[in-house]
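Fit chain B to the known structure of chain A by using the hints.
Residue numbers (the working numbering), protein chains in the order written: chain A, 105 to 373; chain B, 1373 to 1718.
None of these hints come from the bench; they were simulated from the model. A portion of the hints provided could be inaccurate.
[Stated by the list, open to error] In silico DSSO-like cross-links for lysine-lysine, where the CA-CA straight-line distance does not exceed 27 Å: (1) Lys-334/A to Lys-354/A; (2) Lys-149/A to Lys-1620/B; (3) Lys-197/A to Lys-1661/B; (4) Lys-215/A to Lys-1661/B; (5) Lys-317/A to Lys-129/A; (6) Lys-1375/B to Lys-1661/B; (7) Lys-129/A to Lys-287/A; (8) Lys-354/A to Lys-129/A; (9) Lys-1661/B to Lys-209/A; (10) Lys-149/A to Lys-287/A; (11) Lys-149/A to Lys-119/A; (12) Lys-292/A to Lys-215/A; (13) Lys-317/A to Lys-119/A; (14) Lys-1375/B to Lys-215/A; (15) Lys-334/A to Lys-317/A; (16) Lys-197/A to Lys-1620/B; (17) Lys-197/A to Lys-1375/B; (18) Lys-317/A to Lys-122/A; (19) Lys-1375/B to Lys-209/A; (20) Lys-1620/B to Lys-209/A; (21) Lys-317/A to Lys-149/A; (22) Lys-197/A to Lys-287/A.
What you are looking at is a predicted structure, and each value in this text was computed from that prediction instead of being measured.
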Amino acid sequence: MLTVNNVTYQIGQAKLLKDISFSIKSGEMVAVLGANGAGKSTLLKLIAGANRPASGSISLHGRPLHHYSSAELAHIRTVLSQQNVVSLPFEAKEIVMMGRYPHYKNNPTAKDNDIVHTVMEATGVYSLADRSYPTLSGGEQQRVQLARALAQVWEQPNALLLMDEPVAGMDILYQQQTLSILKSMAQKRFMVISILHDMNLAAQYADRIIMLKHGRKWYDGTPAEVLNQKSVYEIFEIESDVFTNPATLKQLIMPHEIIFEQNKTPLTT
Amino acid sequence: MSKGIVYIILSVSLLTAGIVSVGLGAVPIPASEVLLLILHKLGMYHMQQVNEQHEVIIFIVRLPRLMLGILVGAALGISGAAIQGIFRNPLAEPGLIGISAGATLMAVAVIGLEATLLTTLSNLLGYYLLAFGAFAGAGVTALLIYQISRHEGKPNVATMLLAGIAINALAGALTGLITYLASEQQLRNITFWMLGSLGGATWQTVTALAPFVLIPVILLPRSGKALNAFSLGEMQADYLGLDVNRIKRRVILLSTMAVGAAVSLTGIINFMGLLVPHIIRLIMGVDNKHVLPASALLGALVLTIADMISRTLIAPIELPIGVITALIGAPVFLYILIRDKRKLSL
Chain A
105 MLTVNNVTYQ IGQAKLLKDI SFSIKSGEMV AVLGANGAGK STLLKLIAGA NRPASGSISL
165 HGRPLHHYSS AELAHIRTVL SQQNVVSLPF EAKEIVMMGR YPHYKNNPTA KDNDIVHTVM
225 EATGVYSLAD RSYPTLSGGE QQRVQLARAL AQVWEQPNAL LLMDEPVAGM DILYQQQTLS
285 ILKSMAQKRF MVISILHDMN LAAQYADRII MLKHGRKWYD GTPAEVLNQK SVYEIFEIES
345 DVFTNPATLK QLIMPHEIIF EQNKTPLTT
Chain B
1373 MSKGIVYIIL SVSLLTAGIV SVGLGAVPIP ASEVLLLILH KLGMYHMQQV NEQHEVIIFI
1433 VRLPRLMLGI LVGAALGISG AAIQGIFRNP LAEPGLIGIS AGATLMAVAV IGLEATLLTT
1493 LSNLLGYYLL AFGAFAGAGV TALLIYQISR HEGKPNVATM LLAGIAINAL AGALTGLITY
1553 LASEQQLRNI TFWMLGSLGG ATWQTVTALA PFVLIPVILL PRSGKALNAF SLGEMQADYL
1613 GLDVNRIKRR VILLSTMAVG AAVSLTGIIN FMGLLVPHII RLIMGVDNKH VLPASALLGA
1673 LVLTIADMIS RTLIAPIELP IGVITALIGA PVFLYILIRD KRKLSL
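For reference, chain A alone in the conformation it holds in the complex (with noise of 0.2 Å):
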């Protein structure tokens, strides 16, 4: 279970977030959805711990966030950032060992090497378990540190996963998959939290939809409850259709065209 109660940030003047409250039960799948520079990715780090709220509180188990040792959350919390850049050229398979860091002192066990391979398996990286992470594309990258991710908290239900866009730069296929995995994982008592930014993808997996804007939370609710032209409208400022899909029931959005008036903006010379 976690809780966040009343969170506000800043940095210097400016308020990132202000006044987040939401409580998150095992087993649920959350989408966060919101424009940049929303807060997505500060309530995120405030979540993982990285950082800590100017006011209110985090707690997980029942027990505050800053009661934790990094070595604690390590077990119990796992994050996958946006930016991921190695400044050695590990192998991959090495980038996803690091995930079991936590759980082993000098050498790692049978039972890290097997949820390495897992974890490999699962996220369709296994094949490039000897190439050198520099060399792989964008995608693969993202899939490998979603694995590293994955393997850190594998056999601990309750555990939460923090993804911070764990699909972005991945193909269709992939996209499908990394939330079919975290959907699963959800239903094996995790706690998933995503940022992401497709919300058809999010409609699709979410149980949950919590929309961000300006720095506080405009919406919380299914998919069904939350997403519609007047949220998406105030959440993105865009028009759109949304429709709900026959077959499977879940929201699909239509973004409308947007027309790009070049000489709106008269140029000063």
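Then chain B, alone, in the frame of chain A:
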């Protein structure tokens, strides 16, 4: 190549190069005699007839020099690898980014300010004081560079290298100032020390240096896993459960301890910390668990060979050992620069 085999090849090569090196010089001694004499001295073999002149040359002159070379080489190799891990950059070389210059400055300051203990450089306490001074200088400079080169939690390569240039110049100027103000006796000590190289080796210097090198060589490889995690970024390392600040302190402390002590006895030997880990990564991959200990071994080997070359190339004149390491190291540095040109965005 299996990692075990690399360790074996490195160890055997080091042993061979060491024995050959001890045999080389104005009075050549065959490698077999060197080996037997050492075994004889260790009580593992009994020689019928001992050539006393050879015995003196080996045990008073050449063996301490070899040992000093091995220690300094190991220190520079392993600390180069460790500092690159912390700075998250393969170009972070103690000499280039000013750590060695900081050590030099403090060492010269110790001599220049003439602590009462240090009337002459030949006593053991004097060497320890010098080593501690250099260690402090190296440590402070490393922290300074680290803080300067960080931008939004990430070390910035360009800033790191440029700050290194500035620190090198500043430390150089201050070193010059102290030299200028030094008394005649101090000047003699400073000059003697600055000419350093491995030439001044005695068992005393070896004994003084040993703990400063052996402690890091034993303890640093334990941070190998942590340094691997560091390559993902500090925040990611934290997410993996590491106490990021503790690891930084530990690695900077241990590696500047080794660099400082090495510099305090032999002066700055450039490019070792760059060249050695780079070669190891090409052979064994980038896992710091192996890169750290193997860099210590290869560092010892490279410096032993470099010293052999510097003594014999234009004998009886001795080339400064830094000339040899820079001749090999500088092109490697340029190679990495060119290879990573796009990534560095200098």
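Taking the numbered hints from earlier one at a time, note which ones the structure violates and give those numbers from smallest to largest. none
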